[in-house]
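Novice: Order-wise, the sequence lines are chains A and B. Heads up, the first sequence stops at 80 in our numbering, and the numbers go up one at a time, no gaps. Heads up, the second sequence stops at 304 in our numbering, and the numbers go up one at a time, no gaps.
For the record, the hints were derived by calculation from the structure and aren't laboratory data. Certain hints may be false.
If the Cβ cut is set under 8 Å, some of the chain B residues that face chain A in the computed set are [as the list claims (entries may be wrong)]:
hint, residue
1, ILE130
2, ARG137
3, TYR154
4, ASP174
5, THR178
6, ILE186
7, PHE187
8, ARG195
9, GLY218
10, ASP261
11, GLY268
12, ARG283
13, LEU285
14, ASP292
Bear in mind the structure is a predicted one, so any value in this text is a computation, not a measurement. Where a beta carbon is used, it is the ideal one built from N, C-alpha and C, also for glycine.
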Amino acid sequence: MNGPSELDRFLQTDPRDVGCDELMRMLDVYVDLVARDAAAAQRYPGIAAHLNACGPCSEDFHGLLAAVSAAANGTADHYE
Amino acid sequence: MASAKSTTGVDASFPTVLDPDSAQWLRVLTDTGPPREAAVARLHEMLLRIAMSEVRRRGAVHRIAGPELDDLAYQAAADALLAITGKLGQFRGDSRFTTWAYKFVIFEVSAKLSRHVWRAPGVRLDPEDWDRLPDRFGFEPHHQSEWRELLAAVRTAVEEELTPRQREVFVAIVVAGVPLDVLAAELGSTRGAIYKSMFDARRKLRAVLVADGYLDHHDTARHP
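Take the sequences, apply the hints, and build the full model.
Specialist: Right, dumping it as structure tokens:
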């Protein structure tokens, strides 16, 4: 039976969690760090904690990371 | 939740000098005449490509496809472009310019898809159905005798311990399964405000369930 542990995990909150507004403000900075593999979660634990708990913000994070990665791997986004 | 500045504020050592590419974007977009027009067109093309890719990545979940999805991408790219060109003065160089710009179109796609779901026929807040809760958390039917008391305690705590707003948000998201962004649109609120209500509700409910012996005191929170 994993119900109680699943419920417990859902109810647990991380005091470092910065919330959606701060995540939205810092998302571009965080994604650039992740794309550079620059220990983003260690540098911004409050953002990492929020991404672990917030589905919509996590979805935005993955969308932006995919956009940045696609640009880096294929179509150039440099200004020429 | 943590105060924003203490945990995520850009630290003083972060480079404030723009990288050459970002500087060039900023220079041409604040220029006038043909160079600016060309840059705006190029930026729009990039935003549209990102929007198309993003609506397709998310479209299946939101049950939207075809021309409607393309329209949504075009609207997202156009609105993002407007926002970006209007907020160039807010770009501080803490990230690459293109990453900062892409953020706008990702947020536009996110918001437009949520509004689409909210406006879709037949999509409204479902009535409360607490019988769905066991499935939602993976409680197995043959262990019902073990978890029935726990879920009854959850329901009692929701009704007696939460504020009316927290109760409304918790029931809509957890019991009725309404996506957070859709609920925000339905209530005329914001993602951040709904998340904060949910965060406080989760913390309050767990404290009650621990105090009453239904959950252990230990902290098994997921850490990054």
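Novice: For each hint, tell me whether it holds in the structure or not.
Specialist: For each hint, the structure was consulted:
{"no.": "1", "hint": "ILE130", "verdict": "holds (5 Å)"}
{"no.": "2", "hint": "ARG137", "verdict": "holds (7 Å)"}
{"no.": "3", "hint": "TYR154", "verdict": "violated (17 Å)"}
{"no.": "4", "hint": "ASP174", "verdict": "holds (5 Å)"}
{"no.": "5", "hint": "THR178", "verdict": "holds (4 Å)"}
{"no.": "6", "hint": "ILE186", "verdict": "holds (5 Å)"}
{"no.": "7", "hint": "PHE187", "verdict": "holds (7 Å)"}
{"no.": "8", "hint": "ARG195", "verdict": "violated (13 Å)"}
{"no.": "9", "hint": "GLY218", "verdict": "holds (5 Å)"}
{"no.": "10", "hint": "ASP261", "verdict": "holds (5 Å)"}
{"no.": "11", "hint": "GLY268", "verdict": "violated (16 Å)"}
{"no.": "12", "hint": "ARG283", "verdict": "holds (5 Å)"}
{"no.": "13", "hint": "LEU285", "verdict": "holds (6 Å)"}
{"no.": "14", "hint": "ASP292", "verdict": "violated (13 Å)"}
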